[in-house]
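Enquirer: Spelled out, the chains give:
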Amino acid sequence: MAGRRPIKVKVNGIEYEGYVEPRKLLVDFLREDLELIGTHTGCEHGVCGACTVLFNGKSVRSCLMFAVQADGADIMTIEGLSDGKTLHPIQEAFREHHGLQCGYCTPGMLLTSYELLQENPAPTEDEVKTAVSGVLCRCTGYKQIVDSVMAAADAMRK
Amino acid sequence: MKPCAFEYLAPGSVPEVMDLLQQYGDQAKILAGGQSLVPIMNFRLARPEVLIDINGLKELAYIREEADELVIGALTRERELELAPLVRLKCPLLPEAISHIGHPTIRNRGTIGGSLAHGDPSAEIPIAIYALDGTIRTLGPDGESAFKPEEFFLTYLTTCLEPSQIVMEVTVPVLPDGTGWSFVELSRRSGDFAIVAVATVLFMDDNGACTEARICMGGVASTPVRAKAAEDILSGQILSDALVAEAGRLAVEATDPESDYHASADYRRAMTEILVRKALRRAWEKTRGGK
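Just so you know, the sequences run in chain order R and W.
Sequential numbering from 1 applies to the first sequence in my numbering.
Sequential numbering from 1001 applies to the second sequence in my numbering.
Bound conformation, chain R alone:
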């Protein structure tokens, strides 16, 4: 295909090289080209937060970036949160406190919470609510999600 461009990107510590059409969204590159389907495609216009990933350490909507912009970047997706053997404390807290029902928003919730707890290891409930308000959950009413993040913060400080 004409106009495809080479990119080199590190995702969850692994270097990938690929060719992408400029219009390919980062979320589609992660899911289709790298087959990392933990990152969910939701609204595709930056409202729902399901596609949140960490881009050079900061949370971004991967539906609002083009894959070609990720050339040289270090990305973390939900697949990079645990080591594959034990759950990350945030995942453990979401499991323990029923922080999900259908699970569609969960990758965005977990990575948004991860960023929050990196910046602010002891958030108030209000700060947690502000942080996760950017990710839409239509199942839980957020109560268990906030409980989960507060519990994760406690666990990670120990």
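Calculated from the structure, these hints are not laboratory results.
Heads up, a few of these hints could be off.
Selected chain W positions facing chain R (Cβ under 7 Å, derived; list incomplete) [claimed, not checked]: (1) Ala1005; (2) Val1038; (3) Pro1039; (4) Asn1042; (5) Thr1105; (6) Arg1109; (7) Ser1190.
Only pairs whose alpha carbons sit at most 25 Å apart, straight line, appear in this in silico BS3-like list of lysine-lysine [as the list claims (entries may be wrong)]: (8) W/Lys1286 with W/Lys1228; (9) R/Lys10 with W/Lys1286; (10) R/Lys129 with R/Lys58; (11) R/Lys129 with R/Lys143; (12) R/Lys8 with W/Lys1058; (13) W/Lys1286 with R/Lys8; (14) R/Lys58 with W/Lys1058.
This one's a predicted model, so the numbers in the text were calculated from it and none came from an experiment.
Don't be surprised by glycine CBs; every beta carbon is placed ideally from N, CA and C.
With chain R's structure known, arrange chain W on it following the hints.
Expert: Coordinates of chain W only, in the frame set by chain R:
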């Protein structure tokens, strides 16, 4: 929902950007944070043939204090401005306004120059920059230009920027100690677009009189607008509840809102009065030592 195909260019310097804009004119769009442009491309409301990605131009991302101004590079991320101790200390209205933009994740990417160039009449940064009487510095084939907010914003999503010009820098005056300021916003949910937003700045003299008042409103006209009549009745006065109430009434006259599915024009007018009074009370409180 995928964008149309486009040619992607990532120039490595400002002169290269200038050359590309000269070459492609209005076929090209600048890609900064992309938090407004990419959604409208995904919806195919925008179909630029060429995208000029300036995210590699780190020299356009900076916050400096020069004389009695803050000088902010166009590519400075909103989240950085929101958290920068210098900005919080010298011009706290700006971080307060920015805290209402979308969510932290959006602010991680969104830029000050991008928000200004996009020219959304309910966007927080244009409202704040207008209330602060900031200056927008641009670069084009004929060199540098500087615009005040009242000349920069023309109508919905339209600024006076030519296709060959880019926003380079924004300057805002440092607010003197004792200055009152506020930013209040009404939206359906946290992070949604403003139905009405109001920024105020109150400059005071040593006797507690207001020497100059600025009231800027967003979401109520095709551009952010200043409530000049309301500002005038406050300037030179010792503030009172009655004056603040009158300013709220007068502010509504400067609006020209439209009805949409978020709110009717009448509702926007009614909320303008209430928000202007609330914003003025909050700013006034700060002049009396409240934080």
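Enquirer: Now tell me if each hint is right for this structure.
Expert: Verification of the hints:
no.: 1; hint: Ala1005; verdict: holds, 5 Å
no.: 2; hint: Val1038; verdict: holds, 4 Å
no.: 3; hint: Pro1039; verdict: holds, 4 Å
no.: 4; hint: Asn1042; verdict: holds, 5 Å
no.: 5; hint: Thr1105; verdict: holds, 4 Å
no.: 6; hint: Arg1109; verdict: holds, 6 Å
no.: 7; hint: Ser1190; verdict: holds, 5 Å
no.: 8; hint: W/Lys1286 with W/Lys1228; verdict: holds, 22 Å
no.: 9; hint: R/Lys10 with W/Lys1286; verdict: violated, 48 Å
no.: 10; hint: R/Lys129 with R/Lys58; verdict: holds, 18 Å
no.: 11; hint: R/Lys129 with R/Lys143; verdict: holds, 9 Å
no.: 12; hint: R/Lys8 with W/Lys1058; verdict: holds, 20 Å
no.: 13; hint: W/Lys1286 with R/Lys8; verdict: violated, 51 Å
no.: 14; hint: R/Lys58 with W/Lys1058; verdict: holds, 17 Å
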